[in-house]
Amino acid sequence: NLPIIYSLAKSIGAVVATTRDVADNGWLPRQIQVGLTGRAIAPELYIAVGVRGDFNHMVGVQKAGAIIAINNNNNPRRTPILQSADFTIIGDWQTCLPLLVDAIKPLLKS
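For the sequence shown, position 44 (counting from the first letter as 1) is numbered 44 according to this note's numbering, and the numbering increases by one without interruption.
Note that these hints are calculated values from the structure, not bench results.
Among these hints, one or two may not hold up.
To be verified - Think about it this way: if two alpha-carbon atoms lie no more than 20 Å apart in a straight line, the pair counts; the simulated SDA-like pairs of lysine to any residue are:
#, residue 1, residue 2
1, 10, 83
2, 10, 24
3, 63, 14
4, 63, 43
5, 63, 52
6, 109, 99
7, 63, 74
8, 63, 83
9, 105, 65
10, 63, 37
11, 63, 87
12, 105, 37
13, 105, 8
Note that the coordinates shown come from a computational prediction; the quantities given were computed from them, not determined experimentally.
Put together the whole structure using the sequences plus the hints.
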């Protein structure tokens, strides 16, 4: 599914980042890992797709302007990012993310 994520990110001029679990599994490079053992980022908008949002990761996004979390699990114990997100979308990312990206496009500066 990474080609879909990269394509959607590119369509709005966004950059893909990752969590430690994903980097540890070798699915994405460690250089784009965000969090306590990665790097800190401060985007105007952080879209977290399927991110659990453990403390170590949230340290890396604490300076984000706004956080939108897309997750199919609405249990705050299993997905602590739901407590930190400014907006939460509960649902399948493959359905929700393309719709969110389409909604964001008209709002982007030319």
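Hint by hint, here is what the structure shows:
no. : hint     : verdict
1   : 10 x 83  : violated, 28 Å
2   : 10 x 24  : violated, 24 Å
3   : 63 x 14  : holds, 17 Å
4   : 63 x 43  : holds, 8 Å
5   : 63 x 52  : holds, 18 Å
6   : 109 x 99 : holds, 19 Å
7   : 63 x 74  : violated, 24 Å
8   : 63 x 83  : holds, 16 Å
9   : 105 x 65 : holds, 18 Å
10  : 63 x 37  : holds, 16 Å
11  : 63 x 87  : holds, 16 Å
12  : 105 x 37 : violated, 32 Å
13  : 105 x 8  : holds, 11 Å
Hint check: violations occur at hints 1, 2, 7 and 12; the rest are consistent with the structure.
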